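Colleague: Protein sequences, first through last, are from chains A and B.
Per the numbering used here, residue 1 is the first one in the first sequence, and the count goes up by one each step.
Per the numbering used here, residue 1 is the first one in the second sequence, and the count goes up by one each step.
Because the hints were derived from the structure by calculation, they are not lab data.
Quick caveat: nothing in here was measured; it's all calculated off a predicted structure.
Just so it is clear, CB atoms sit at the ideal spot from N, CA and C, and this is done for glycine as well.
Treat the hints with care, as some may be off.
[To be verified] Here chain A is said to cover these stretches of chain B; the calculated rule only asks that three of the stretch's residues, wherever they fall, bring their Cβ under 8 angstroms from a Cβ of chain A:
no.	region
1	19-27
2	52-64
3	83-95
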Amino acid sequence: MKRRSLEAIASVAYKEFLHIYRDRRVLLLVLTLPPLFTLLFGHAFETGELTGIPSLLIDQDRTPRAQEFIDTIWKNKTFHWRRGSPDIRNVADLLGQGVQAALVIPKGWNESLENGDPKPLLLYLDNSDINTASAVEGSVRESLGDFQLKQRDRMIEELPEEVFELGKQLPVQIRKRFVSMMEMWGVDRNLLYNPKSRVIDYVVPGIIGLILQLLTVTLMACTIARERESGTLYQLMVTSLRRREIVIGKMLPYLAVSALLVLVIMLVSRLHFGVAFYEPFALALICLLFLLCSLGLGLLISAFSRTQTQAIQFSVFFLLPVFVLSGAFAPLEQLPQAVRYVSEIFPLTHFCRAFRFVNMYHAGPRFYADDLVVLMVGAVITFLGAAFLLKRIEQ
Amino acid sequence: MSEPVIRLNHLSKSFGDVHAVQDLSLTIEPGTIFGFLGPNGAGKTTTMRMLCGLTHPTGGTATIDGADVWKDRQQVRTRFGYVPQRFSLYRDLTVLENFRFFGGAYGVPRARLEARIDQLLGLIDLREKRNTAAQSLSGGMRQLLAIGCALVHDPALLFFDEPTAGLDPVHRQQIWNLLYDLSHQGKTIFVTTHYMDEAEHCMEVGFIENGRLLAKSSPRELKSSFRSRLLEIDVEPLMPALVRLRSLPELLGVSLRSGSLRLYTAEPEQLLAKWRERWPFQDLRLLGERWVEPDMEDVFTAYSQGYDGILKRGPS
Chain A
1 MKRRSLEAIA SVAYKEFLHI YRDRRVLLLV LTLPPLFTLL FGHAFETGEL TGIPSLLIDQ
61 DRTPRAQEFI DTIWKNKTFH WRRGSPDIRN VADLLGQGVQ AALVIPKGWN ESLENGDPKP
121 LLLYLDNSDI NTASAVEGSV RESLGDFQLK QRDRMIEELP EEVFELGKQL PVQIRKRFVS
181 MMEMWGVDRN LLYNPKSRVI DYVVPGIIGL ILQLLTVTLM ACTIARERES GTLYQLMVTS
241 LRRREIVIGK MLPYLAVSAL LVLVIMLVSR LHFGVAFYEP FALALICLLF LLCSLGLGLL
301 ISAFSRTQTQ AIQFSVFFLL PVFVLSGAFA PLEQLPQAVR YVSEIFPLTH FCRAFRFVNM
361 YHAGPRFYAD DLVVLMVGAV ITFLGAAFLL KRIEQ
Chain B
1 MSEPVIRLNH LSKSFGDVHA VQDLSLTIEP GTIFGFLGPN GAGKTTTMRM LCGLTHPTGG
61 TATIDGADVW KDRQQVRTRF GYVPQRFSLY RDLTVLENFR FFGGAYGVPR ARLEARIDQL
121 LGLIDLREKR NTAAQSLSGG MRQLLAIGCA LVHDPALLFF DEPTAGLDPV HRQQIWNLLY
181 DLSHQGKTIF VTTHYMDEAE HCMEVGFIEN GRLLAKSSPR ELKSSFRSRL LEIDVEPLMP
241 ALVRLRSLPE LLGVSLRSGS LRLYTAEPEQ LLAKWRERWP FQDLRLLGER WVEPDMEDVF
301 TAYSQGYDGI LKRGPS
């Protein structure tokens, strides 16, 4: 009986493999797109910084100090500067100027610094994308801080001897405190888990997960729906195949193809982006559970849909929130708490988290055991659900 | 007499308010070619799908070899082969691959499978097409392939749902010859059709309409259940004659056959005598008349229209 069941599964798996093999166009797509997407996404997320933001610089002060500041901020790679006329009237019309930011050094800036009442610089920001706006602002502040520091150092160097003599008359404690206050207070940073600040290392599980999720769900979703559409499902149902034999047999070839794709994507990441992979056994387990979960979801959609068109539509509707909310490319912590609960439903969320725990944190199983459990439960539920829906077809 | 292969006991199936099959009771003996006749939508396919365990009865029971077709469907499935109305094999797979898949799906042992496939390829005459994709076969060949795949596990019972629908006469004949061969091998065949001429090929015929069984008997008995001979007349012009005659109260019905009109009436001799005396239609010309043997179409028309006057209502 056991042997008979294995043979039955093998017949279904072989047949399903032939379907994949015969559909040359889809096969070509399945084999070439994942490595191409890996290259594309990998380069897209290679650096996380903003660079070359078109910006306008307007110097109404026209003093050597203003020019010196301009020389400093000109070197800041965040911006791609263009000099604007000092007489410009509508600075706020960023769109008309074709820039995303405008920085104005106001008239009398140098004088105000000399007079002990520093005038602020004026910064106009395109705040349609708040992330860009705040990054730009931070960059301006950073350049200004650097500039101020240089100015202070020069001032100290040029202080007349009398000032130091005067200082020596102060009590030691006050002098020390004064020096501390004049120093820049620093931070000694220790970058852990990703010391080289490689965005690609963070993004790789997202790429693997996203591509596999897309392929497995859509391809799998079409399998049963296709049989239903062509009428072969009934032919299948009158054979002595059991539902679990059909479900397992249909899944196996897709599992093999997806596993191959995981290897291809990892290979491309390793060779092209120099991403290192640790603990192959743990990673393999995480990938396997994730694949089973995704294939189960595809099967569930498949058993639920009447036609292949419906199956694709359901897949897209399911995948859309997954892409945005799964934390594949950006940390989940950006999302509000309520939405994060929704994210926890998606297999991709758990896959990315577990993958990062292994590959970036080199953490032990106790850190990602709960993610594995969720994936496992997901796989079981979806497979049972698919088998149950198949049962309903009979009635 | 041996135990019936199929036994239907007040079998019914409703989809909501639609009663597709109502209170169907019949038995089919082993080795019979049973023809299930009726117009489209009469409930033929639904009955067959219930027998195949693809849909559950909403009333009554049906058994195959004594096993319930729904409750024991997993066990019953190995006992029959099913050829559905629509071509339902894998189009992208070759003839051989389809055979091998269904062989595996029915659990035919590997050791026996190849020999069995070769034998079936010979039977359906597709040896030379063994490596052709199913989608490249002609309609008739596809149907032969579907029959072959349903035979792969050598079942004693076969269900054919309109096996000749849409086929040319040559392939229709080829398929019926195949059914005879199978019957000759001792297999029981349950076949639905809406071609009345094909009913003549069957050993037993069941008429179904609106989900109800109207009659079940051999074609010969059914035809002899006509009380009277059938009158056929040639009239000109034909179409106005058909319309005029249909409204005649003495006639139960009129049907058009190869340019002649077949008249259903309880007393054809009287009618003819009356017409010989005086032909009532000024604008129609009676060219001739003859007596004909009723065929299955006449019988079915009489049963389905309830022409009780011309049927011997005996015990059925």
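Colleague: For every hint, state whether the structure bears it out.
Modeller: Each hint, compared with the structure:
Only when three residues or more bring their CB closer than 8 angstroms to a CB of chain A does the claim for the region 19-27 of chain B stand; here the count is 0, and the claim is violated. Requiring three or more residues with a Cβ within less than 8 angstroms of a Cβ of chain A, the coverage given for the region 52-64 of chain B holds, as 5 such residues are present. Judged by the Cβ-Cβ criterion of 8 angstroms, the region 83-95 of chain B is covered by chain A as claimed, because 9 of its residues qualify and three suffice.
Hint 1 alone, counting from the list given before, is not met by this structure.
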